[in-house]
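Student: One-letter residues, chain by chain:
2 protein chains.
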Amino acid sequence: MWQEYPLIKVELRALEDFLESSFSSKRNRLDAISRGVLFAGGKRIRPAFTILCAMCGKYDRERILPLAACVETLHTATLVHDDIIDDADLRRGAPTVVREQGADIAVFTGDYLLAKALVFFLKGGLEDIDLGQIAAAIEAMCKGEADQFFDRGHIPDFRRYLGRIMKKTALLFAASCTLGAHAAGCDQSVVREARRFGLYYGCAFQIADDLLDVSSERHVEGKPVMHDIKEGVFTLPVLLAAARNPETADIFRSVGKKGAVASEVLETLRATGAIDASLEIKERYRKKALSHLSRLPQGENTEILKAFVHRI
Amino acid sequence: MWQEYPLIKVELRALEDFLESSFSSKRNRLDAISRGVLFAGGKRIRPAFTILCAMCGKYDRERILPLAACVETLHTATLVHDDIIDDADLRRGAPTVVREQGADIAVFTGDYLLAKALVFFLKGGLEDIDLGQIAAAIEAMCKGEADQFFDRGHIPDFRRYLGRIMKKTALLFAASCTLGAHAAGCDQSVVREARRFGLYYGCAFQIADDLLDVSSERHVEGKPVMHDIKEGVFTLPVLLAAARNPETADIFRSVGKKGAVASEVLETLRATGAIDASLEIKERYRKKALSHLSRLPQGENTEILKAFVHRI
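In order, the protein sequences belong to chains A and B.
So in my numbering, spot 213 of the first sequence is number 213, and the numbers just go up one at a time.
So in my numbering, spot 30 of the second sequence is number 30, and the numbers just go up one at a time.
Note that these hints are calculated values from the structure, not bench results.
Glycine included, each C-beta is placed from N, C-alpha and C at the ideal position.
Treat each hint with caution, since some may be false.
[Unchecked claim] Quick look at which bits of chain A chain B covers, simulated, 3 or more residues with Cβ under 8 Å:
{"#": "1", "segment": "130-143"}
{"#": "2", "segment": "169-176"}
{"#": "3", "segment": "206-212"}
[Unchecked claim] Incomplete in silico selection of chain B near chain A, CB under 7 Å:
{"#": "4", "residue": "30"}
{"#": "5", "residue": "115"}
{"#": "6", "residue": "119"}
{"#": "7", "residue": "122"}
{"#": "8", "residue": "149"}
{"#": "9", "residue": "152"}
When you get a sec, could you build the whole thing from the sequences and use the hints?
Tutor: Dropping the structure here:
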């Protein structure tokens, strides 16, 4: 995905080397397990954002790469823990840690990755304010996941849904951008725009992800579909459909109990126009992201970000 | 336990208030769940060490309490995650998070507590070097738990056992002491002695805990006995017994398969003199702790620590 942009491709290659050498202990089994999930083909969006936002200021690879590694490692930690909750079989196309090693090791691998993320953060030599961002992002991710868990079976309103995806997803994107811009010595106003860019991109990203879950009856990009609905986790398309036609709520709620089938859910979402309405909302957040992106100092780096945002 | 020492009692009371107000959100279910485990009657040893070591320097409650809260919250996070692994029913006499809320919420509650620990750390306004201690302690705890997990069924040698308990337990005690002394502006040599005190205390503490597991046929202090052996986790008494009489190894290994019973294990440990030998080693580490403690600037605080160490 980043292959066509030499500017970022080179840095991400250096990031792979950094991560490789940071999880290379032969004696530490957690390193081997961490490598398995770190190098299973993640898209490296968050670290790429850190790097590209840092290019708005004085780019210093020695400082920025550890921060890029920090956000990617943190993200990977949450994936490992999320997979325990979802009891997932596959992640990035490979068997999950929980499936291969059991929940016990998956818990510690996630914790270990969190600790390593802190170690990388320190290597970036940043300030308290940035650690505050990281801590707040982790805290928010936990809250978002807990909200989602306790909301199971309930269709949230838009406000609650938005709060959930901000916490679950968008704040880490925001932190990824902020860390880069701040470490590169950008002005406060630039750091703020970078943060908002990441935040709104994160919202659009999660809405797209949620749409993917209901977009087809079959697996898409290696992910199982209708997984959320089956678990009683209701996202944007469902809440919009239920708002437009309250009678449809029962259809969605019955999926987990093997009542309605995937085709019926799809049909309902299409009939109420909920898919198109979700796409529109996603588009709105994408535009917000682009608008903040346009207020950053423009260069090849922001062009890459722009091209990337257009791909959601 | 701290009741007889007004100097620390007052500070720990303030710590309770700090923790209470830090996990007080009515809307955040993770706060309520965290409170359940934070206030289930933990002994507060680690934060007490932070506070008492800080009293070797310029004690500033505003700075020290958040650090004390940091180490206690971190410790609690590891308990919540450990209970998932052990599938434990009780912790501090109350039902565990995993038992009451399920593994999903237990994973996030632990992560949430980790994030809060970072937030508290920041409130203490410490430096990178201290965050490095925290990160290293978390990293080590994960490695120690993973070592223990992968070693199941194998009787470790003393060196490996010592490495495991250092990582699992002693490094967090060491960090608790270091943070306090460092934040109170103590000389590097004092910080170093405080660290060693914590490290050796932690070793003695874990050996005592491991002895508790094999000390009786019945529950002790609300903990199930022979739990480790049943899980194939072999600690100091077992490795000493097996070293003295290699034929006993089969007895220990068969416990998990419902071969040997608790009484037989106890009898074997006593017959080989492994219990007494373990007590001697514990005593050695306690003395090491006391020796480093005696090199700290002496005062009422170190007297309290001394009295406390004598209680292991």
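Student: Each of the hints needs a verdict: does it hold here or not?
Tutor: Verification of the supplied hints:
1. Counting residues of the segment 130-143 of chain A whose CB lies closer than 8 Å to any CB of chain B gives 10, which reaches the minimum of 3, so the coverage claim holds.
2. Counting residues of the segment 169-176 of chain A whose CB lies closer than 8 Å to any CB of chain B gives 0, so the stated coverage by that chain is violated, three being the minimum.
3. With 0 residues having a beta carbon nearer than 8 Å to a beta carbon of chain B, the segment 206-212 of chain A misses the requirement of three or more and the stated coverage is violated.
4. Hint status for residue 30 (chain B) relative to chain A: holds, with the closest Cβ pair at about 5 Å, below 7 Å.
5. Because the beta carbon of residue 115 (chain B) sits about 4 Å from the nearest beta carbon in chain A, less than 7 Å, this interface hint is met.
6. With a least beta-carbon distance of about 5 Å to chain A, the hint placing residue 119 (chain B) at the interface is held under the 7 Å criterion.
7. For residue 122 (chain B), the interface hint holds, since its Cβ comes within 7 Å of a Cβ in chain A; the closest pair sits about 5 Å apart.
8. Because the beta carbon of residue 149 (chain B) sits about 6 Å from the nearest beta carbon in chain A, less than 7 Å, this interface hint is met.
9. Given hint, residue 152 (chain B) at the interface with chain A, is violated; its Cβ is 10 Å from that chain's nearest Cβ, farther than 7 Å.
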